[in-house]
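What follows is the residue order along each chain.
Number of protein chains: 2
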Amino acid sequence: MNDVYVIGVGMTRFAKHADRDVVSLGTEAVRAAIKDANLDPRRIEAAYCGHVFQGMAAGQRVLAQVGLAGIPLANVENACSSGATAIREAYLAIRAQECEVVLAFGMEHLTSKFKGALTPDEDDPEAAVGLTMPGVYAMRARRYMEEYGTTREQLALIPVKNRAHAALNPLAQFQDRIAVKQVLESRPIADPLRLLDCSPISDGAAAVIVTSDAAARRLGGGRAIRLAASSLRTGSVEPEPTSMSFEPLTHATARDAYERAGIAPEEVGFAEVHDCFSIAEALRVEGLGLFGRGEYLLAVERGDASLGGRMPVNPSGGLLGKGHPLGATGVAQVVELVRQLRGEGAERQIENATVGLAHCRGGKAAGVDGAACTVQILTR
Amino acid sequence: MNDVYVIGVGMTRFAKHADRDVVSLGTEAVRAAIKDANLDPRRIEAAYCGHVFQGMAAGQRVLAQVGLAGIPLANVENACSSGATAIREAYLAIRAQECEVVLAFGMEHLTSKFKGALTPDEDDPEAAVGLTMPGVYAMRARRYMEEYGTTREQLALIPVKNRAHAALNPLAQFQDRIAVKQVLESRPIADPLRLLDCSPISDGAAAVIVTSDAAARRLGGGRAIRLAASSLRTGSVEPEPTSMSFEPLTHATARDAYERAGIAPEEVGFAEVHDCFSIAEALRVEGLGLFGRGEYLLAVERGDASLGGRMPVNPSGGLLGKGHPLGATGVAQVVELVRQLRGEGAERQIENATVGLAHCRGGKAAGVDGAACTVQILTR
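Line by line, the protein sequences give chains Z and F.
Count along the first sequence from 1, add 1, and you get the number used in this note's numbering.
Count along the second sequence from 1, add 1, and you get the number used in this note's numbering.
Accuracy of the hints is not assured; some may be wrong.
Which copy is meant is left open, because identical chains are indistinguishable; a pair holds if it fits in one copy or across any two.
What the hints assert, rightly or not - Here are the simulated EDC-like pairs of lysine to aspartate or glutamate, each with C-alpha atoms no more than 20 Å apart in a straight line:
id, residue 1, residue 2
1, K182, D192
2, K114, D124
3, K36, E46
4, K114, D125
5, K114, D22
6, K116, D22
7, K36, E345
8, K114, D20
Calculated directly from the structure, the hints in this document are not laboratory data.
Here the structure is a predicted model, which means the values were calculated and not measured.
With the hints as extra help, turn the sequences into a complete structure.
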């Protein structure tokens with residue numbers, strides 16, 4: 002069985018790219034990853050593309066642009082975990098000794114597909130009774146605050162932190178810091194959540210080059226980062242609405258990843274997690290076992306989860322600060338992990354970064370039937 | 002490295018299922034495959050779902066119905082090769098020794114997504130100049146007939162043959178035989194192709210249970226069929242419009258599959274190929290090396306490609322006769338191969354079936370940038 006490494010990473014800026022299309026964004030990210038790896042692109046043997054709304058055979062159009070038409074490619078979709086799933090499939094292709102060098106990329110041009118916010122399918126029975134994404138996360142925020150005696154102001158510290166991180170990331174959609182007051186005064190979306198508690202509509206793409214250990218030694222230029230686990234679970238282990246303040250699916254996926262990587266939660270030094278809403282970050286890091294249940298908002302208040310803190314969460318800015326082009330999100334998380342583990346985090350560099358974790362959770366927020374979750378662990 | 006086997010197959014009838022939805026079809030096919038394998042469903046460790054138009058996290062909704070929420074699932078999309086790609090990813094997961102028992106299924110409910118024929122994307126530049134699927138295949142038919150001196154009547158023998166096969170398949174969309182005259186008198190679509198030269202709009206689903214060799218010995222009940230190769234290529238090796246009568250992408254994918262399986266084209270006993278249009282079947286079998294270039298229509302005329310002939314092509318009825326619910330198609334081909342190789346072909350049984358080949362080709366017909374091709378070889 003081959004061990005798996007990442008030898009190249011690249012991404013576009015996340016933003017509303019009104020003047021670009023998804024193929025142009027995907028191509029930019031793939032070229033950046035190839036350049037970062039200093040790789041002859043003809044060594045790439047297969048590719049996986051994660052996206053949600055970009056139509057038929059979208060990944061193939063990017064391959065043609067970079068001169069790689071001909072190799073195997075599969076488009077993969079797992080809602081907001083699509084990009085991470087592309088990396089997981091690349092990981093499996095290498096573990097299968099089918100390939101030594103695989104490209105995984107994710108991309109999304111949301112602004113050309115939606116006018117404003119994403120809307121649920123017309124025939125979605127949960128959305129029809131108000132269980133839209135903001136609706137469900139609003140209930141979970143309410144329950145969390147009730148259960149643990151935390152405040153709306155404390156919840157606002159999550160977007161404040163992530164926007165501060167994003168302000169240090171030139172590829173983030175938002176470049177300005179915000180204050181608690183701005184969060185609380187932003188437009189109400191689903192009480193108690195307000196606009197600045199919600200991740201934005203974004204366009205963007207990200208790419209990674211994944212290899213076997215042998216290829217990493219040959220091609221990695223001493224900068225290869227180990228992809229120690231790439232775990233995927235779907236559905237829910239138990240119906241999440243019965244435990245609104247905890248994430249059993251995240252917990253189960255993380256347990257699998259820790260076991261495969263031989264890493265304990267205490268050894269994780271920093272994490273990129275799926276903060277689609279402010280409250281989501283708290284639910285995720287607690288589900289991952291990185292913080293105790295009900296303790297995260299206090300930890301954020303102490304600065305533990307900020308750059309320079311004990312356990313930085315979303316150093317890239319996260320979905321709230323960096324942006325959330327669905328298919329690109331999971332790949333961009335791994336891009337950030339690799340940059341940090343290489344010591345290329347620039348103004349965002351985490352000291353002595355050796356173990357990083359990336360988490361995505363996609364699909365339906367309430368039901369048991371439409372969710373996908375990924376946890377990836379990278380080590381230096 | 003694990004060898005890979007198929008231990009269970011199932012499918013719905015292909016038809017216009019106005020009273021069903023895609024989850025109901027997918028669930029029926031998955032349950033049928035589990036039952037066929039006589040398998041405790043809790044042994045299934047991961048799943049792949051191929052579909053094109055069924056929306057976000059569609060595969061997960063089927064897993065929830067069959068009580069398998071929780072396991073890893075990736076939805077995969079490669080246009081008309083989506084279902085075959087799901088099988089390929091299952092094959093890789095087993096080769097990677099990540100799993101021993103994997104479910105691969107494909108499904109599509111086209112009639113709820115399109116009113117009548119599939120329409121190209123509005124921003125598709127090829128379609129905008131008339132290079133729709135029927136347009137491109139019409140040109141290829143014209144070129145083929147010109148190059149090899151074959152006739153329109155001979156071309157009609159392909160749908161006539163496939164509808165005759167479908168009439169023996171209770172799960173086929175069409176149950177009636179047709180005559181050459183009916184093909185020639187059917188509604189013109191893109192000259193010289195007529196309605197009965199074109200595969201129909203269909204709803205349906207198909208599923209297979211794929212395992213390691215060890216699991217096949219333990220669970221296969223002596224009926225396991227080897228998946229000896231599962232090859233995927235995308236784009237085009239050369240731009241296909243410069244060689245209208247030949248399929249370089251099919252050829253390259255097949256070469257890879259033959260090599261992996263250690264099987265020569267001459268050893269293949271029967272094939273399910275992607276006859277989205279009558280002419281497509283000729284292009285595919287010649288690209289696969291199963292018939293000489295320009296020789297296929299004469300072979301069909303002699304009965305070589307019919308059940309009972311030297312080398313039956315599309316014994317299930319193919320896309321023209323069985324129907325073409327995009328994501329389900331590639332999986333249904335493998336279902337037919339397995340049934341034939343087990344000797345469970347009933348009225349369609351091919352004598353001494355030992356090596357079967359399945360071929361899909363999806364995506365853009367003309368361009369180099371949007372195509373995907375799969376070739377799978379199964380052996381008894």
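> If you check each hint against the structure, which ones fail?
Replying inline: Hints that this structure does not satisfy do not exist here, as all of them hold.
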